[in-house]
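**Q** Now for the letters of each chain:
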Amino acid sequence: MIINGVTIDATFAEAFPMKATRAIITAQNEKWAMIAAQAMTGFATSVIACGCEAGIERILGPNETPDGRAGVSVMVFAMGGKSLAKQLETRAGQCVLTAPTSALFAGIQSDIKIPLGKNLRYFGDGFQIAKKISGKRYWRIPVMDGEFLAEATTGQVNAIGGGNFLVLATSQPQALAACEAAIEAMRKIPNVIMPFPGGVVRSGSKVGSKYKTLNASTNDAFCPTLKGATKTDLSPDIESVMEIVIDGLTKEDIDKAMRVGIQAVCDLGADNGIRRISAGNYGGKLGPFHFHLQEIMA
Amino acid sequence: MSALTFSLKTQPAQRVDLSPLAPQLLQGLSIADIAAIELQSGKAKLRVDELFTIEGDDTQNIIIQNSTAKLDFIGKELENATITVEGDAGAYLGIGMKSGTIKVTGNAGLYAACEMKNGYLEIAGNTGDFLGAALPGNKMGMKGGTILIKGNAGERVGDHLRRGTILIEGNAGDYCGSRMTAGTIAVMGNTGKYLGYAMRRGTLLLWNAPQLSASFNDCGSHTLAFLPILFASFKSLNSKFADASVAFNRVQRYAGDMAEIGRGEVLVKL
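Protein chains in written order, with the numbering used here: chain A, 1 to 298; chain B, 1001 to 1270.
FYI, nobody ran anything at the bench for these hints, they're computed from the structure.
Glycine is no exception: its CB is placed at the ideal position from the N, C-alpha and C atoms.
Just to be clear, a hint being listed does not mean it is correct.
Claimed, not checked - BS3-like, lysine-lysine: derived pairs with alpha carbons at most 27 Å apart:
| # | chain 1 | residue 1 | chain 2 | residue 2 |
| --- | --- | --- | --- | --- |
| 1 | B | 1043 | A | 136 |
| 2 | B | 1045 | A | 136 |
| 3 | A | 132 | B | 1045 |
| 4 | A | 113 | B | 1143 |
As the list claims (entries may be wrong) - Now the stretches of chain A that chain B is said to cover, found in silico as 3 or more residues with beta-carbon under 8 Å:
| # | segment |
| --- | --- |
| 5 | 3-14 |
| 6 | 53-64 |
Unchecked claim - Pairwise CB distance ranges (calculated):
| # | chain 1 | residue 1 | chain 2 | residue 2 | range |
| --- | --- | --- | --- | --- | --- |
| 7 | B | 1027 | A | 68 | 56 to 64 Å |
| 8 | A | 68 | B | 1193 | 35 to 43 Å |
| 9 | A | 214 | B | 1221 | 32 to 40 Å |
| 10 | A | 68 | B | 1025 | 41 to 49 Å |
| 11 | B | 1270 | A | 100 | 50 to 58 Å |
| 12 | A | 184 | B | 1235 | 52 to 60 Å |
| 13 | B | 1207 | A | 263 | 38 to 46 Å |
| 14 | B | 1221 | A | 94 | 54 to 62 Å |
| 15 | B | 1099 | A | 90 | 50 to 58 Å |
| 16 | B | 1207 | A | 17 | 20 to 28 Å |
| 17 | B | 1207 | A | 68 | 17 to 25 Å |
| 18 | B | 1235 | A | 119 | 42 to 50 Å |
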């Protein structure tokens, strides 16, 4: 398949089941809601070493937030419910509770509840106040700038992590420009996050390493400087490869995000140095979710 | 199915215990069975059809017409049903109600919604003392749900309140929120003496400055983030509380009762 001179490989992205949640951070204004959200979703690019993958889903207007202030919706993905709950709690406690004027609310409903403010309340040292409003429990925790309001729990849902595609270009600036265009389009899609810095990862990994202590290492088949030194997947004209990783609530959400992302890259096309779109997989043996590029773009 | 309607034929000489007419006890009964139920009235036992004309068949939607303040225990331990009282209700209206809705077009007597667990109770007129309170000797009053009083409430509103929301559009009597363990009482009118007497936790939300005891300490003026959420939860009510113009988030906060553990608060609109 070729779109605007860009070859779409007959391959697929391989993704895994994850547990996910969503929280809504509000603050006095969008600036401070975003600061809290960025802090909370920082160092959360990959479960390999961060414990979770987290990202900002979108900015919310005052009419979309529970307390009528500016807000940001964040999503957190982890390999299991326990690690998700732990990551959510420590990040909420260290990054949102501490951020001036912030408040924290559930962003997704589910029968499975995980603590949001439920345990942060103990920071109140006995001065915390519970309020049950319309069936939801909120904790009011006295803090130095006033009161930190946090909903007791949020929902935990089944989700998918590791949807991805690779952008192969004739130069590094062209690969980055294409990825930036893709991310801009993909950020408009709900229920997905692109957890890597700016949504783009330049160090895609393969499973395993020659070093016993590492379980992931550089994806040498896609490293342009190793074209003559390893079993490469790159043609001679490829000088740079970048990857976009997508975590989403459902397969359809990731499908949609991949479609608009790849389309944005292809819109730049061969004229802008984009040669191929590929994807990372492990031969289909590890992850139950397969995102076939050509089916998605069909 | 039409609502099961009990129309009072004559004013009873004595108070009448209507607890046997709670909807959950009438499920599956025929009109004849219901008519034969005996109600305690003073020393006497009266058949339902001696007191009421009965119409309709939906036992989970009951209307009591021509009701008077002598009809006690209406909607006792109500579960998932609706009761409309056209007229006044006696004492212990909705005592221990678990879910569902009770609406009274007139006034209600003592101990309305006493030890209520959940659901919604609305009184268009005034209500007597001990609204949402615990029975004498018990340590836990209302545990959940919402009460709306469009008129005034008597003394000891929410005595031993544990959880839930009491909304009073008019005035509340003395000892409002006494011995509260938690929960919220909002009063748009005036409150009496000894507000929050011995309250441990919970919120008294007031539109008018109260006469506070010395055991309540001023914590200053604040903008509280939970208030917009609380007011938003009132939007569906047929009440002044649903009006966005009455909502506020700037309050003077008083902590008390310091003669108790002092974790309660009185929030007064600024």
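**Q** Please go over all the hints and tell whether each is borne out by the structure.
**A** Outcome of the hint check:
1. Only pairs whose Cα atoms come within 27 Å are accepted, and residue 1043(B) paired with residue 136(A) is rejected, the gap being roughly 46 Å.
2. Restraint check for residue 1045(B) and residue 136(A): not satisfied, since their Cα atoms lie roughly 45 Å apart, outside the 27 Å limit.
3. Restraint check for residue 132(A) and residue 1045(B): not satisfied, since their Cα atoms lie roughly 43 Å apart, outside the 27 Å limit.
4. Simply put, residue 113(A) and residue 1143(B) have alpha-carbon atoms about 23 Å apart, close enough for the 27 Å limit, and the pair holds.
5. Check result for the segment 3-14 of chain A against chain B: violated, 0 residues qualifying (beta carbon to beta carbon below 8 Å, three or more required).
6. Restraint check on the segment 53-64 of chain A versus chain B: 0 residues with Cβ-Cβ distances below 8 Å, three needed, restraint violated.
7. For the pair residue 1027(B) and residue 68(A), the supplied restraint of 56 to 64 Å is violated, since their beta-carbon distance comes to about 43 Å.
8. For the pair residue 68(A) and residue 1193(B), the beta carbons lie near 36 Å from each other, so the given range of 35 to 43 Å is met.
9. Separated by about 58 Å at the C-beta atoms, residue 214(A) and residue 1221(B) break the suggested range of 32 to 40 Å.
10. The hinted window of 41 to 49 Å between residue 68(A) and residue 1025(B) holds, with their beta carbons roughly 44 Å apart.
11. Between residue 1270(B) and residue 100(A) the beta carbons are some 22 Å apart, a value that contradicts the proposed interval 50 to 58 Å.
12. A hinted range of 52 to 60 Å is violated for the C-beta pair residue 184(A) and residue 1235(B), which are about 37 Å apart.
13. For residue 1207(B) paired with residue 263(A), a C-beta distance near 57 Å fails the hint of 38 to 46 Å.
14. Take residue 1221(B) and residue 94(A): their Cβ atoms lie about 30 Å apart, and the range 54 to 62 Å is violated.
15. At about 38 Å, the CB distance of residue 1099(B) to residue 90(A) disagrees with the hint of 50 to 58 Å.
16. Checked against the given bound of 20 to 28 Å, the beta carbons of residue 1207(B) and residue 17(A), roughly 52 Å apart, lie outside it.
17. Distance hint for residue 1207(B) and residue 68(A): a CB-CB separation of about 21 Å, consistent with the stated range 17 to 25 Å.
18. Taken as a hint, the range 42 to 50 Å is violated for the pair residue 1235(B) and residue 119(A), whose Cβ atoms sit roughly 31 Å apart.
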